[in-house]
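> Chain residues, written in single-letter form:
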Amino acid sequence: MSDRECPSAERYIARSSAIAARLVGGEMMIMSTADSTFFTLNEVATLIWQQADGRTPLSEIVDKKICQEFEVTPDQARRDAEHFVNELSQHGILQVSEQPIISCAPPPAEAP
Amino acid sequence: MSLLAEMNQKALALGIPISVHLDLTYRCNERCVHCYLDHDDHGEMTTQEIRDLLVQLADAGVFFLTLSGGEVLMRRDFFIIVEEARRLLFNVKVKTNGVMIRGPEAARMRDLGVEQVQISVYSHRPEVHDAITKLPGSLQRTIKAIQFLKTQGLKVTIANVLMADNLSDNMGVMDLARELGVFYTLDPTITPKLDGDRSVLGLGISGSGLQTIFHNRALVGDVEEFCAPPPPPDEDIMEGYPCSAGHTACYISPYGDVFPCVQFPLPCGNVRQQEFVDIWHDSEQLREVRSIRAKDLSVCSGCAHVGTCTRCPGLAYMEGNMRGPSSADCEKSFQRTGIASANMKARARLGGARHLVQIQAMA
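Protein sequence lines correspond, in order, to chains F and C.
Here the first sequence stands for residues 0 to 111, numbered as in the working numbering.
Here the second sequence stands for residues 125 to 487, numbered as in the working numbering.
Think of the hints as simulated: they come from the structure by calculation, not from any bench.
The C-beta atom is built at its ideal place from N, Cα and C for all residues, glycine as well.
A hint or two may mislead.
Which residues of chain F face chain C? A partial, calculated answer using Cβ under 7 Å [claimed, not checked]:
1. G25
2. M28
3. L46
4. Q50
5. G53
Pulled from the structure, derived: some chain C residues nowhere near chain F, Cβ distances all over 10 Å [what the hints assert, rightly or not]:
6. E154
7. P354
8. T434
9. S451
Quick list of the computed label-pair ranges, beta carbon to beta carbon [as the list claims (entries may be wrong)]:
10. P56/F to T170/C: 54 to 62 Å
11. G25/F to S126/C: 14 to 22 Å
12. G25/F to R155/C: 28 to 36 Å
13. E9/F to R396/C: 33 to 41 Å
14. E59/F to R417/C: 48 to 56 Å
15. K63/F to A137/C: 41 to 49 Å
16. S96/F to D299/C: 40 to 48 Å
Required output: the full structure, derived from the provided sequences and hints.
This is the structure we're talking about:
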């Protein structure tokens with residue numbers, strides 16, 4: 000496991016502004032404006048993405064949001080969150096840093 | 125099914141307008157011979173009105189936002205509008221003739237995260253392109269714009285509207301697109317002018333011209349498959365919707381009028397008088413459009429092409445009946461397959477032209 004994937008290192012995540020996004024029926028639609036890659040996020044991933052404000056550590060998002068709102072063990076939630084964050088960061092949809100991130104796109108409006 | 129198709133299905137089920145085409149202005153710096161617009165400003169929405177509208181569209185769930193015109197860059201606040209649209213995380217596509225795009229404009233579009241730019245090119249030959257746009261030097265300026273946009277890494281598509289005067293140039297435009305490293309799309313449809321003037325329809329390509337296009341492997345891929353006779357329609361087809369207009373998509377004019385589609389001039393409301401979401405959900409006109417299934421189409425439901433025809437309900441509406449046939453699409457189906465449509469057979473028996481419905485502003 001590389002340092003980047005080490006769950007013990009604190010990581011901060013921020014939504015990229017180089018995306019289009021909309022919450023439709025509980026699922027987040029995201030398209031990278033850089034390469035037009037299209038993603039849909041499930042409810043857990045959507046919650047992580049919504050909390051990705053650049054200031055809240057990923058571990059806190061997992062412990063205080065994911066584990067509270069979904070029936071999942073902390074270990075499983077951390078593993079899934081790490082996998083999700085790594086995948087989206089590779090597409091430039093999430094920024095990841097070991098320091099808090101200042102610039103962050105606003106969360107998108109939710110369709111009624 | 126692709127992710128995008130799945131989201132479209134979901135939007136349809138939830139009644140969400142996932143795509144909106146917003147014309148920012150009808151003003152233009154070109155005077156294309158086939159254009160359906162009146163280029164005067166009759167009271168365009170202000171910057172603030174458009175800002176407010178964008179917030180409403182985001183709240184309604186709109187994801188794909190096409191900004192078009194007229195020429196969008198004729199609006200001095202164009203980049204303010206794009207900036208607001210991107211702040212609201214729309215997927216923004218811009219349709220333009222490119223004449224006003226130079227390095228700084230291309231860089232600004234890249235910085236703002238415009239996903240795609242579509243540019244009209246009528247011919248690879250300046251004498252043909254410029255004769256259509258009536259703007260000397262326009263092809264050269266448009267090609268420069270494409271190069272500026274490509275340099276910035278933007279996704280660019282050349283849209284090639286085909287008419288009798290430029291029909292023979294489509295392969296030249298395709299080669300130009302390849303040289304420039306951009307996408308190519310063609311459109312053989314000419315629509316009546318907003319004031320009801322049908323004279324522009326005479327500029328369109330003939331039946332034999334359509335047949336040539338539909339049998340060109342470079343344009344359609346597998347010709348045998350593309351031109352195959354239509355299979356018999358099944359229940360799913362007969363219960364299906366004609367197209368996305370009014371279901372998951374709509375059009376908004378520079379004056380705030382809402383229509384099912386840019387090519388479907390049925391006024392459904394005005395965002396200066398009502399919230400967009402109220403028009404989207406409560407407009408009687410949109411409800412009527414949504415109620416129509418293939419089985420309800422007066423002539424087309426009995427046509428062999430019903431399952432494969434590109435029938436445009438807006439063009440049908442302009443012929444007088446949104447449940448009726450669109451003759452231009454009948455012609456396409458015929459030229460593609462060699463099989464006459466039910467409408468063509470009926471017209472051959474009865475003859476006679478129908479009056480067009482003109483676009484109207486809301487009272």
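> All hints, please: hold or fail.
Structure-based check of each hint:
1. G25: Interface hint status for G25/F: violated (10 Å vs cutoff 7 Å).
2. M28: Cβ of M28/F sits 5 Å from chain C, so the hint holds.
3. L46: Where the cut-off is 7 Å and the nearest Cβ of chain C is about 17 Å from L46/F, the hint is violated.
4. Q50: violated (16 Å)
5. G53: violated (16 Å)
6. E154: holds (28 Å)
7. P354: Given that every Cβ of chain F is farther than 10 Å from that of P354/C, nearest at about 31 Å, it holds.
8. T434: Non-interface label stands for T434/C: nearest chain F Cβ at 25 Å, farther than 10 Å.
9. S451: For S451/C, whose nearest Cβ neighbour in chain F is about 36 Å away, the distance exceeds 10 Å, so it holds.
10. P56/F to T170/C: 54 to 62 Å: With Cβ atoms ~44 Å apart, the hint is violated.
11. G25/F to S126/C: 14 to 22 Å: Since G25/F and S126/C have Cβ atoms about 20 Å apart, the given range 14 to 22 Å holds.
12. G25/F to R155/C: 28 to 36 Å: This hint is violated: roughly 48 Å between Cβ atoms.
13. E9/F to R396/C: 33 to 41 Å: violated (51 Å)
14. E59/F to R417/C: 48 to 56 Å: Taking Cβ atoms as reference, E59/F and R417/C lie about 51 Å apart, which means the hint holds.
15. K63/F to A137/C: 41 to 49 Å: violated (33 Å)
16. S96/F to D299/C: 40 to 48 Å: The hinted range 40 to 48 Å holds for S96/F and D299/C, with Cβ atoms some 46 Å apart.
Of the numbered hints listed earlier, those contradicted by the structure are 1, 3, 4, 5, 10, 12, 13 and 15.
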